[in-house]
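Peer 1: Taking the hints into account, I'd like the entire structure generated from these sequences.
There are 4 protein chains.
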Amino acid sequence: MRKKLLISTGGGDAPGLNAVIFAVVTSATRKGWEVYGSRAGYGGLLDRDDLVRLIPEDVEGILSQGGTILGSTNKGNPFCKPVENLAGEIQIVDISDKILDNFNRMGFFCHIAVGGDGSLDIAHRFAQKGMPVIGVPKTIDNDLEATDRTFGFDTAVSTATDALDKLHSTAKSHDRVMVVEVMGRDSGWIALYSGISGGADIILIPEIPFKIESIYAKISDNELHNKHYSIVVVAEGARAEDGEVISKGQGEMGRSEVILGGVGEWVADQIRQRLKKDTRSLVLGHLQRGGSPTTFDRLLALRFGTAAVRLAEQGVFDHMVALASSTMTAVPIAEAIRHRKKVDLESDKVRTARDIGICLGD
Amino acid sequence: MRKKLLISTGGGDAPGLNAVIFAVVTSATRKGWEVYGSRAGYGGLLDRDDLVRLIPEDVEGILSQGGTILGSTNKGNPFCKPVENLAGEIQIVDISDKILDNFNRMGFFCHIAVGGDGSLDIAHRFAQKGMPVIGVPKTIDNDLEATDRTFGFDTAVSTATDALDKLHSTAKSHDRVMVVEVMGRDSGWIALYSGISGGADIILIPEIPFKIESIYAKISDNELHNKHYSIVVVAEGARAEDGEVISKGQGEMGRSEVILGGVGEWVADQIRQRLKKDTRSLVLGHLQRGGSPTTFDRLLALRFGTAAVRLAEQGVFDHMVALASSTMTAVPIAEAIRHRKKVDLESDKVRTARDIGICLGD
Amino acid sequence: MRKKLLISTGGGDAPGLNAVIFAVVTSATRKGWEVYGSRAGYGGLLDRDDLVRLIPEDVEGILSQGGTILGSTNKGNPFCKPVENLAGEIQIVDISDKILDNFNRMGFFCHIAVGGDGSLDIAHRFAQKGMPVIGVPKTIDNDLEATDRTFGFDTAVSTATDALDKLHSTAKSHDRVMVVEVMGRDSGWIALYSGISGGADIILIPEIPFKIESIYAKISDNELHNKHYSIVVVAEGARAEDGEVISKGQGEMGRSEVILGGVGEWVADQIRQRLKKDTRSLVLGHLQRGGSPTTFDRLLALRFGTAAVRLAEQGVFDHMVALASSTMTAVPIAEAIRHRKKVDLESDKVRTARDIGICLGD
Amino acid sequence: MRKKLLISTGGGDAPGLNAVIFAVVTSATRKGWEVYGSRAGYGGLLDRDDLVRLIPEDVEGILSQGGTILGSTNKGNPFCKPVENLAGEIQIVDISDKILDNFNRMGFFCHIAVGGDGSLDIAHRFAQKGMPVIGVPKTIDNDLEATDRTFGFDTAVSTATDALDKLHSTAKSHDRVMVVEVMGRDSGWIALYSGISGGADIILIPEIPFKIESIYAKISDNELHNKHYSIVVVAEGARAEDGEVISKGQGEMGRSEVILGGVGEWVADQIRQRLKKDTRSLVLGHLQRGGSPTTFDRLLALRFGTAAVRLAEQGVFDHMVALASSTMTAVPIAEAIRHRKKVDLESDKVRTARDIGICLGD
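Residue numbers (the UniProt record's numbering), protein chains in the order written: chain F, 1 to 362; chain U, 1 to 362; chain A, 1 to 362; chain C, 1 to 362.
Hints may contain errors.
Said to hold, decoys possible - Subject to a maximum C-alpha distance of 20 Å in a straight line, what follows is the list of computed EDC-like cross-link-like pairs (lysine to aspartate or glutamate):
(1) K227(F) - D50(U)
(2) K31(U) - D278(A)
(3) K349(F) - D148(C)
Worth flagging that the hints you see were computed from the coordinates, not collected in a lab. Quick caveat: nothing in here was measured; it's all calculated off a predicted structure.
Peer 2: This is the structure in structure tokens:
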């Protein structure tokens, strides 16, 4: 009988997910294994309808497509799932045993779980209960210490840079300040990369609490040098040094100044009021998660996928595939999800930003 | 002595402005004329520094670039310009005589004014005072009755469609409703074209006051047909039939429900509350004005530019170049700016939208 | 019983084919009809395996994709099909009766045939035999007199223009002449549109037999004006005035100078030899047929598709849908395929090319 | 007096050159230095007209543009330059002393030479004569051992992948084999990366002499699996194992089978003849060198540029900037240009290609 492999994708969308699935299905099939995809996270282990047999014909052409053919909607944590009982009350139940049981009953020898730190944490807990799990990291924010890069990030940065390219001409034609808010709740990777590549004047990242005065100074300095427009890139997690900026939706905390439009809108407001410059803000939002993955992300996702299948062959479970320099490695999942990667302020990229005159808000 | 031609660009940014300039400079130079560009609208007729001689070498390569090398920032209406007097008071003065005087003194025989209806109205008033003016229409919204098409529109639609393409994968992967607000304060052209091309389920345009219940019904119908995500495209000027939606910034009118995020955010809120669907909204904003013009817009802009130069040669002033079917024509400016073009609800495009199942909110 | 509609796509590939299929399937289904797609042209009427039931779920998302889900490979003309007999000899047989018979037996009430003039001619012959046929024109070359535009053309032009944009920087950096051969065997539409939009210096089209001396003169004139690079766009069907250029593969005609690389390579060779300029040539080829259709082509294809379904409803057969100004019309197929559309040398577009200084080889 | 820095770009075009110039000009100006650009390689040291002062305003916006504002046309090797004497004979002369002399006379303290191995070799020879030179590597082929990556490569790969994406739909719609020849005379990096990312079935690289029979086998195997089209990516330097393929233009060597169209055309011919499949070939050529650099290449080019300026400050001459893992380093030029980087056949990327079923011709 042929070996049976399960693959699932969990959590947020990232360009390259389909390339991972493509790689797993084609390479595992070539090893003589059968591959099954679980829709909606662990859904395929609860409902047969959410389990789908995948052969190479099924994945033909998906390599270049955004999204995931498996649907990554997280149907919650199986270890503490809210369930409505007969009395209509919500109870938290642990359905992990049932899932593990189904996994074994269906005869899978391995589960490749593609997901962010939440999904990987769940995968690790299943591994501890005996499920042979291999993780594939998925974070568009590139904020995982254990791997040099994650797929999706290059595409997100490209989309953001492309938007900045587009805004340059309109900003310049109208002597405007354009403030663009990009993804990055905890780390400024997308803001930093797209800002440098997109010719930003100012880049605000969570790693550097910003002084609003530095922003005014940079824009004024531009004016002095006959550059009457400025581009500001703001990571959604960027914050002012004096804590003045509070995040969207925190109105209930009793602060008078609630940022309804996010930090980008707040920064734009400040500039507008103080410098009397025509200032517009834009939130890129979900555009950054969509679209066909870049070549870089496709290749990285394919490498992750084939590496995961090789780990499955070698029986190295409870590990996550990772990129170290230019080599594929395996890192224990528990360890991998422990450390987030922040922008290193001493790194060459940050220095490059400063050298070409970009203001980082400090 | 060689004849001297003046060109200016006024008002908002639109992809193709540089192609018009390119066409005017190259074709006028080939007729043996000298071309001068006026920066900042009529600025070049007030300040020599804002007047720039343009030869073909200066415009090499600008054809494919967004924005305008002349800067289109409107420095206000010369017929009623706010000026600060010595006492620090703001007075409204008419500086049109001075501008006309400078125009004549510098020896220009024609002024090609590229602009929206505001700029064209000013151009017409100068024409009435004796300035030989030729207008080139510029409205990214494509809402001018006098011409079949305006440049910039195809690029704006392409940018919006591209965004919709990107959002499909993420909406589908997460069973989400995505609401995208596009340009169109008075007409729904961009929303209609991009919505149809981008595979939207629902398109809301100013020409059709929408019933929020129709939107709920369409999304629910999608669910019934196993399509668990929906894409909603909303023109910024779309309004609910019962007038419930009021526009951003109209809070002073005493309505309790001010839409801080625009109509798109309002629609998203309603869907979220009523259908309990994960719903996200996005405002494309200035992205739609930026970027390299599409082939269609480049060609149209070049045709407008050369046609304007031909009108100048023929001495047909106070007219605007226009596209009628596939021919260039000339329309009196006064007449041209009088009629806005709304989406014709009986047109083939609207019928196409309905035929393929798109809900138009009615 | 529900009415059954057949759709087929024939001949060469064109971006927008899938959008036509999308429009036909969704709009016909909404009328309560069943839609079937015939793979490989009329293949579905010969082999049940090549007939596929299409419901809206099947066409979800194909609107933005190039190619055709039905496969357009022409399996030959059913009216004179080469068939190998038992003796191994090739015989020409007429299998049209069999196809018509199957069409009727399966109970189809209408066949929407999407194709070029070859496919439409066959469709017309079937119509004459009694098959209720509606044609949808498909020619990437835009060379059909009966319709203002065909889908695929705008995408092809965009791809060619994009290539020209890319070549500018490298041509300029190296003081090179770049010769780009684009599609257009009989008409110069793609060359003309992409050449104007892409900033070409010289455009050679079949409608204007070119003088090689005019090409040399333009390149030399560029040098005089300090422009040390030139871009030449050549339609594959362009020919020298003195008939010196003969087409690829016509070596058997006894000419010594056979163009192995096509007319573009020939032109490049002449320039290289005569002007001693570093000259490179490139054939864009099939790139022009691929990729996601532009917004313009998507919209046009969708309009064609829904218009065809409306004609089916009205029972207007043996007609082809067409675009006249901005309206959908129906033209008798026999008439539609009779006239090819050549570039009108007196048209505004040609004049624009000349006005901005483009050499058209004459 | 302010320190004066010279920058030059030499050899072939690569996306990112302008980003290097941008970084050098902005970061050096911020150190209080004056920057001069030398047009046409060392031309600025021979002719004052080819020397241009560069201030930040001059490089605004060039970061995102392809090509080089300095013109990279190599006007030959100054150490052995062919010069015509009065008698009309060509003599080889060494003008390096004159160049060095001018360099010193103009008071430059450092020369940043951006170029390929040819240009870097010349730079090193100048360094040995006493010119303080810093090298910035430029090879679109990514074939330099001394640095992990070079700019331009990611853009070239993206362009090639984009072309493959476009060809998929047309290949599939017509059951065709498409053979695409990409850059890579000595190494298969572009072919390998674009082929994997672009969903190729077969990738032929110089590092693996190919067996034509393997190609036939893979295409036939595709047919067996109901995939009636195949995509073949061929590096221009790929060769058949038995030496049957000889390069373009080597006809004089007496071989009967000269490949007029390059190895791609040859492979296409073989497939066409042997398998009777409709097979088309395409040479991407200079498209790969053009266009706006990707985010990756922009960032890398900016890092190289600022790193070079930092080396200039530190006085580390006769060295080339390089990327090692994620850090900028300096490598002696002489050493750097000695080793070409071939595709490592044991690398993870090659294994990935094999794992997902790509035939590498062996």
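Peer 1: Each hint should be assessed against the structure and marked as holding or not.
Peer 2: Hint-by-hint comparison with the structure:
no.: 1; hint: K227(F) - D50(U); result: holds, 15 Å
no.: 2; hint: K31(U) - D278(A); result: violated, 32 Å
no.: 3; hint: K349(F) - D148(C); result: holds, 16 Å
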